[in-house]
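Starting from the given sequences, assemble the full structure and let the hints guide the process.
Just so you know, the sequences run in chain order A and B.
Just so you know, our numbering puts 168 at position 168 of the first sequence, and the rest follows in order with no gaps.
Just so you know, our numbering puts 181 at position 181 of the second sequence, and the rest follows in order with no gaps.
Be careful, since some hints might not be right.
[Unchecked claim] Computed cross-link-like contacts, SDA-like style, restricted to lysine to any residue with a CA-CA straight-line distance of at most 25 Å:
1. A:K79 with B:E201
2. A:K226 with B:T72
3. A:K240 with B:Q16
4. A:K158 with B:E394
5. B:K181 with A:D44
6. A:K271 with B:S309
7. B:K46 with A:A225
8. B:K124 with B:N143
9. B:K171 with B:N2
10. A:K31 with B:K171
11. A:K263 with B:Q16
12. A:K181 with B:K54
13. B:K381 with B:G227
14. B:K226 with A:F177
15. B:K54 with A:E58
16. A:K79 with B:I208
17. B:K105 with A:S402
18. A:K209 with A:E198
[Stated by the list, open to error] Covered stretches of chain B, as calculated for chain A (at least 3 residues, CB under 8 Å):
19. 20–27
20. 34–43
21. 290–298
[Unchecked claim] Pulled from the structure, derived: some chain A residues nowhere near chain B, Cβ distances all over 10 Å:
22. G33
23. F140
24. L213
25. S368
26. K410
No lab work stands behind these hints, which were simulated from the structure alone.
We put the beta carbon where it would ideally sit given N, CA and C, even for glycine.
Protein chains: 2
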Amino acid sequence: MNAEIITIGDEILIGQIVDTNSQWIGQQLNKIGVSVYQISSIQDDKQHILNAFKEAQERVDIVIITGGLGPTKDDITKKTIAEFFNDDKVVEHPEVVEHIKGLFKRINYPFREVQRAQAQLPSKAILLMNNFGTAPGMWFYENETVFVSLPGVPYEMKGLITNEVLPRIQKQFKLPFILHKTIMTYGQGESMIAERIEDFENNLPTYIKLAYLPSFGRVRLRLSAKGENKEIIETALHEKVDELYQLIPEIITGLDDDSSLEKRVGVLLKKSNRTISTAESLTGGKIAATLVSIAGSSAYYKGSFVTYSAETKINLLGVSAETIKKYTVASKEVALEMARGAKEKLQTDCAIAVTGNAGPTTDHNDKSVGVVFIAFISDDKEIVQEFNFGQPREKVINRTVSKSLEILQKEIL
Amino acid sequence: MNAEIITIGDEILIGQIVDTNSQWIGQQLNKIGVSVYQISSIQDDKQHILNAFKEAQERVDIVIITGGLGPTKDDITKKTIAEFFNDDKVVEHPEVVEHIKGLFKRINYPFREVQRAQAQLPSKAILLMNNFGTAPGMWFYENETVFVSLPGVPYEMKGLITNEVLPRIQKQFKLPFILHKTIMTYGQGESMIAERIEDFENNLPTYIKLAYLPSFGRVRLRLSAKGENKEIIETALHEKVDELYQLIPEIITGLDDDSSLEKRVGVLLKKSNRTISTAESLTGGKIAATLVSIAGSSAYYKGSFVTYSAETKINLLGVSAETIKKYTVASKEVALEMARGAKEKLQTDCAIAVTGNAGPTTDHNDKSVGVVFIAFISDDKEIVQEFNFGQPREKVINRTVSKSLEILQKEIL
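Quick look at the structure:
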């Protein structure tokens, strides 16, 4: 069963927003056995929308449309869908009018007649109630293709997908089983790994696909399988993962959900009953935010200092002014003193600290851009390392976060 | 001049990664007068790629392809492009071999013969040197359509777009002028604003488009214009923006780049020569990261405490254990004491602190989910407010960040 996700609205095309909706929808569809064949972002323009619907209808069984359902004039999706289905009858759904009135009453807004239009749907549409907002979703089934139209506001769309769309798809179609296993590796490049597992790759059965996903010093290997029989798929993928663990044992750090370093670090800290704190300069809180993103992190994560200036490094973390004067703020010595400060102030078992220069700079000869110092300390160990992550700024910050977690994992193992 | 962006790779379709490349490319193309007509994410499959190329060729003048250029087997883009252009001759580019050898030498990796394939391009391709990675970009021009193929690694893609692709497009085509103006508003819904500016909208000239972009309690109004004459476009949009400022003065907070609250806050703090610190609980550093994302923020932003546990609120910020016992950690009183702690410890002119319950919870009757307290203090003022941001968790966290910046802006104005 194949699906296409169509997002309507110029804001994605001109780069005003990032399309995170499609990613989330893709994940949810995969979980119930629907493959996403294509994602298309198109303009808020009648003819363009009609063309995209027609193309999608030829390609896939399920078309999920997001965006373009607000009360204002720039939203023409609903009219265009009605035209696409040759449906010139409009039906008003009183339960939607009541729901909108209730929503507005709660925040003390007056109900406006312009809002009533949101309760009016093409007659061929099955109403999907939107509990989190004013624009309802719509479900159409014609010529053996499902068309679903949803508002673009992320949490409204998510509610509708979870409560309405997925159960209806599962009822409508007989779905296969799709499984992905992602193995995280560190320290070797894509081509070197490919050479090491060449035979493995050549001997994969046709229903299992292997993909390489390199990013910032890591390569993820994704095995994907699809079939009727859940048990066969699971067993086959399990065996293939085991084979990979035999072939490249020393570079594998984890699998699937556990393969994210922040999860691994969390599991290890919990298991060993240890706590951690962080002190960050150039990463501005990003290491903290990454650690906190894991549910249950409060068990081991105590807090963070974001010390952007030399002054706060001194006042908050107790870094010595002399050390800064002698070695500059971006130095091994300062990284170490920052880590010691965080560990002591937050009374944790270990601490990680980073300082460095993420750039950019107007001085093209400035060799310090990209140079980063990462310190890790625990009760019985103090280590500090220097890295050069080059440029641009985005890469330096991301690699600093990723390398810090890598060091953390290694040290608490 | 219209463009289509095609991203190749299952990782976007199964929701493993978010497609941020297309957003960035969309912004860059718009700046030089190229409209993005469509963005398509497709599978790593020969026939699918060929179909997408053909469709795009019929729709647009410029096709930008990212992804699928690595050294391993799952990357079939290059072969498929060669087939699309009926080009069965391969040319090896020695400068690329030298470049790859140099890159590998720097990180002490051996050069592998499998890498040589990356230097081999279809004979019709114009080489685009990739200074940040091993896979070069390619430029094709046939039947009055430009096809550009780029690696998917973001900083490699960005380097190639900036240094190679944009200058070549500007040389190849006569481009119009595109201008967007975005006006940020607060406190009124999409439909209410639409009613207030109905006449304005109906009288817009055909070359100016208006779009409403609602999100988390803000509505952005975007005016877009396109034409040959830069001066006419600029004057016309300028006038329309002025008209909007007349029509809905009290809900507008800013324009374009200034319209991001973090930028506005930065400008205001710099102008008034004041400094700020933050203390965060449920947002886990996200307010800090938002403030730090502005270049030059070190002038006014001194640092942040991420105090996730009651214990760290007490130890780091000096919140009283009694206050927590009496009112719970999620209370007005604790928010205020957190702000006082941050202001004092970091010696800033003002401070903002947040505490609350972002959820989720297993207790469906838990009324505290979504309740958030935000405190702002300065030398002469202490205010604290209670909000209910409902659910889900993502919405609560984002609205807390956005509301904190809104309060900050209002108070430092």
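Right, here's what the structure says about each hint:
Proposed proximity of A:K79 and B:E201 is supported: the alpha carbons are some 19 Å apart, at most 25 Å. Only pairs whose Cα atoms come within 25 Å are accepted, and A:K226 paired with B:T72 is accepted, the gap being roughly 22 Å. About 20 Å separates the Cα atoms of A:K240 and B:Q16, which keeps this hinted pair within 25 Å; it holds. Taking the CA atoms of A:K158 and B:E394, the gap is about 11 Å. The hint holds against a cut of 25 Å.
A threshold of 25 Å between alpha carbons decides the hint, and for B:K181 with A:D44 the separation of about 18 Å falls inside it, so the pair holds. Taking the CA atoms of A:K271 and B:S309, the gap is near 19 Å; set against the 25 Å cutoff, the hint holds. About 19 Å separates the Cα atoms of B:K46 and A:A225, which keeps this hinted pair within 25 Å; it holds. Restraint check for B:K124 and B:N143: satisfied, since their Cα atoms lie roughly 13 Å apart, inside the 25 Å limit.
Proximity of B:K171 to B:N2 is assessed by CA-CA distance (about 16 Å); at most 25 Å being required, the pair is judged to hold. About 47 Å separates the Cα atoms of A:K31 and B:K171, which puts this hinted pair outside 25 Å; it is violated. Distance hint between A:K263 and B:Q16 is fulfilled; the C-alpha atoms sit about 16 Å from each other, no more than 25 Å. With a CA separation close to 33 Å, the supplied pair A:K181 and B:K54 exceeds the 25 Å bound.
Straight-line distance between C-alpha atoms of B:K381 and B:G227 comes to about 50 Å, which puts the hinted pair past the 25 Å bound. Simply put, B:K226 and A:F177 have alpha-carbon atoms about 48 Å apart, too far for the 25 Å limit, and the pair is violated. Taking the CA atoms of B:K54 and A:E58, the gap is about 15 Å. The hint holds against a cut of 25 Å. Distance check on the hinted pair: A:K79 and B:I208 sit about 22 Å apart at the alpha-carbon level, within 25 Å; holds.
Of the pairs offered as hints, the one joining B:K105 and A:S402 holds, with about 23 Å between alpha carbons and a cut-off of 25 Å not exceeded. Distance hint between A:K209 and A:E198 is fulfilled; the C-alpha atoms sit about 14 Å from each other, no more than 25 Å. With a threshold of 8 Å between beta carbons, the proposed coverage of the stretch 20–27 of chain B by chain A holds, since 7 of its residues qualify and at least three are required. Counting residues of the stretch 34–43 of chain B whose C-beta lies closer than 8 Å to any C-beta of chain A gives 9; at least three are required, and the coverage claim holds.
Requiring three or more residues with a Cβ within less than 8 Å of a Cβ of chain A, the coverage given for the stretch 290–298 of chain B holds, as 4 such residues are present. Every CB of chain B is more than 10 Å from the CB of A:G33 (nearest about 12 Å), matching its label as outside the interface. The beta carbon of A:F140 is kept farther than 10 Å from every beta carbon of chain B, the shortest such distance being approximately 22 Å. Listed as a non-interface residue, A:L213 fails to keep its Cβ farther than 10 Å from every Cβ of chain B; the least gap is roughly 6 Å.
The Cβ of A:S368 lies farther than 10 Å from every Cβ of chain B, with a closest approach of about 16 Å, so its non-interface assignment holds. At the 10 Å boundary, the C-beta of A:K410 stays outside the reach of chain B, the nearest C-beta of that chain being 19 Å off.
The earlier numbered hints that this structure contradicts are 10, 12, 13, 14, 24.
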